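Residues 522 to 718, numbered by my numbering, are exactly what the sequence shown covers, in order.
To be clear, the hints were calculated from the coordinates, so they are not data collected in a lab.
One thing to keep in mind: the hints can contain errors.
What the hints assert, rightly or not - Straight-line alpha carbon distances no greater than 27 Å define the calculated DSSO-like cross-link-like pairs of lysine-lysine that follow: (1) K610 with K626; (2) K596 with K626; (3) K618 with K665; (4) K573 with K596; (5) K594 with K633; (6) K573 with K644; (7) K573 with K646.
Since we're looking at a predicted model, the values are computed, not measured.
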Amino acid sequence: MKSSNFVMALLFVAALVFALGYNHGNANARITVVPAKVGVVNVNSILQNSKKHKTWQEKMGVEESQIQAEMDKLKSELEFINKDMATLKKGSPEHIKLLREVAEKDGIYQAKQQYYEQEMTMKVKAWTESLYQDIQTKIAEVAKANGLDVVLGAEDVELPGANMRELLLDIKTNKVLYHAEGLDITTEVLAALDAGS
Numbered sequence: 522m523k524s525s526n527f528v529m530a531l532l533f534v535a536a537l538v539f540a541l542g543y544n545h546g547n548a549n550a551r552i553t554v555v556p557a558k559v560g561v562v563n564v565n566s567i568l569q570n571s572k573k574h575k576t577w578q579e580k581m582g583v584e585e586s587q588i589q590a591e592m593d594k595l596k597s598e599l600e601f602i603n604k605d606m607a608t609l610k611k612g613s614p615e616h617i618k619l620l621r622e623v624a625e626k627d628g629i630y631q632a633k634q635q636y637y638e639q640e641m642t643m644k645v646k647a648w649t650e651s652l653y654q655d656i657q658t659k660i661a662e663v664a665k666a667n668g669l670d671v672v673l674g675a676e677d678v679e680l681p682g683a684n685m686r687e688l689l690l691d692i693k694t695n696k697v698l699y700h701a702e703g704l705d706i707t708t709e710v711l712a713a714l715d716a717g718s
């Protein structure tokens, strides 16, 4: 008799533990099913309208103008030497001297042109990476301030497309096809990004 009471008590405790565990599991399941709060950002719009980015572009424009002036000067020196050389007899000591000078200056021109192209490419890449990291940081800050769980990139597809390749690329990379106006936090992210510049 005592063993049957013991078995009954054990079954009762097991049923109680199961019931409590089941309810606890349901509570946890309900928490994970809560819909995420979503926002969208148009990164292209931020790049086009950012004062920080425009300031950098202006700085790079000045640098490019200086480089172009240097390259134009070298090119005009080459043209002047070539004109001078055309007046001389081929094979004469003066002609050979200018021929050597043209080869040296042309080598310098080509090397500088190649170097400046690589330098500008590296600067643009470094700036783009840095700016994109800043944009991601600002997106996270604005999302947290607005209680958002997820932020999606919603880029505009410009129609008509510049060419078929760019149009197809835009269509393939654009994943947000519709969103309500209230979800767009682009303006807030842009303001946060430019506030630090």
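Task: Numbered hints the structure breaks, given as an ascending list - done: The structure conflicts with hints 3 and 4, although it agrees with all the remaining ones.
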